[in-house]
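Please work from the sequences and hints to get the whole structure.
The numbering used here runs 101 ahead of the 1-based position in the sequence shown.
Note that these hints are calculated values from the structure, not bench results. One or more of the hints may lead you astray.
As a list, the in silico DSSO-like pairs of lysine-lysine whose alpha-carbon atoms are at most 30 Å apart [claimed, not checked]:
(1) Lys-155 / Lys-117
(2) Lys-155 / Lys-193
(3) Lys-117 / Lys-193
(4) Lys-157 / Lys-146
(5) Lys-131 / Lys-193
(6) Lys-146 / Lys-117
(7) Lys-117 / Lys-131
(8) Lys-117 / Lys-157
(9) Lys-157 / Lys-131
(10) Lys-146 / Lys-131
(11) Lys-157 / Lys-193
(12) Lys-155 / Lys-131
(13) Lys-146 / Lys-193
Since the model is a prediction, treat every value here as computed from it, not as a measurement.
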Amino acid sequence: MADPRFYPDARPISAKAIAALVRGDLITGKGDVMATEVATPDAVKPGTISFVSKPKVIATMPACEGHIVLVLPDLASTIPEGATVITTPDPKSALGLVLREMYPAETSEGGIHPSAVVDPSARIGDGVSIGAAAVIEAGVEIGNNAVIASGALISRGCVLSDGVSIGANAVISYAVIGENTRIGPMAHIGNAGFGILRDGKNYVVNHIGRVLIGRNCYIAGLGSIDRGFLGDTVIGDAVMIDSMVHIAHNVHVGDGTIICGMVGIAGSTRIGRNNVFAATAGVADNITIGDGNMFAARSGVTNRIGDGQVMGGYPAVPINQHRRQVIALRRLAKSISKGDRNG
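Here is the structure:
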């Protein structure tokens, strides 16, 4: 249940409206039952909505009247009596749609805090909110209804499109950011890449590229995306990047890709559309990855990958091959251990 200190009161929504929204089937209960808050299955009460996608969760759900449950069709008959039941193939995603309706994103009322520093040459759109101690440098363009949180730095020349949100203490430089993209606190976009030349003395090569980020992206706090060396680092539309991810110079990430926490992607790698990288995966430099792949946690991608693969291990191989390798290593270890005892 949402803490009222942090979240506004939910907008009530009826079971009939929910079923239409999620394209589900209302199979028990009345369509005029209202959801006024969200609850976990073990905390349902009249006026709540919850979701169930695993049988073991149902045992924790009390029986009561006047609450709504989103559930897989195969589990609908096991929901305790009194619930208004809506079936859907993906209850969690369905609840996500409901949350958008009940707790819509807060709109910016606009305004610049007195302690913010905004260069006179910056172009600020309508309804923009700029928080305390934020700095907007020369030549910056900020679109309508953007939000710049406290302490953020938007360096000279950057372009932030309509609806962009920048978290507290984030640093944005050498970047063009598409509509409705959200960047979390303390993220660093546009730093020079780790281009090191060694001729007896190490030094960082000047980087003269940019970071181009598409529309509707999410980049969580503490992430780092380096600008290109000569060309650009490019993040496509609807890319989701978790906390503490590092993307090096000149990497291209295709639309719809999901990158989980602590993934590292080395320079000049090309990644296609709709890939998923689980936590702590690593990708070598100058390789190409196709579309629709999945990489297990701690995968080490060192060679070209085609389309539609599920990969795991280091170096990353097809997941079934990786599992066989793990089994073989365990058997080998047991054999060696047994031999040591017998010897």
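Hints violated by the structure (listed by number, smallest first): none
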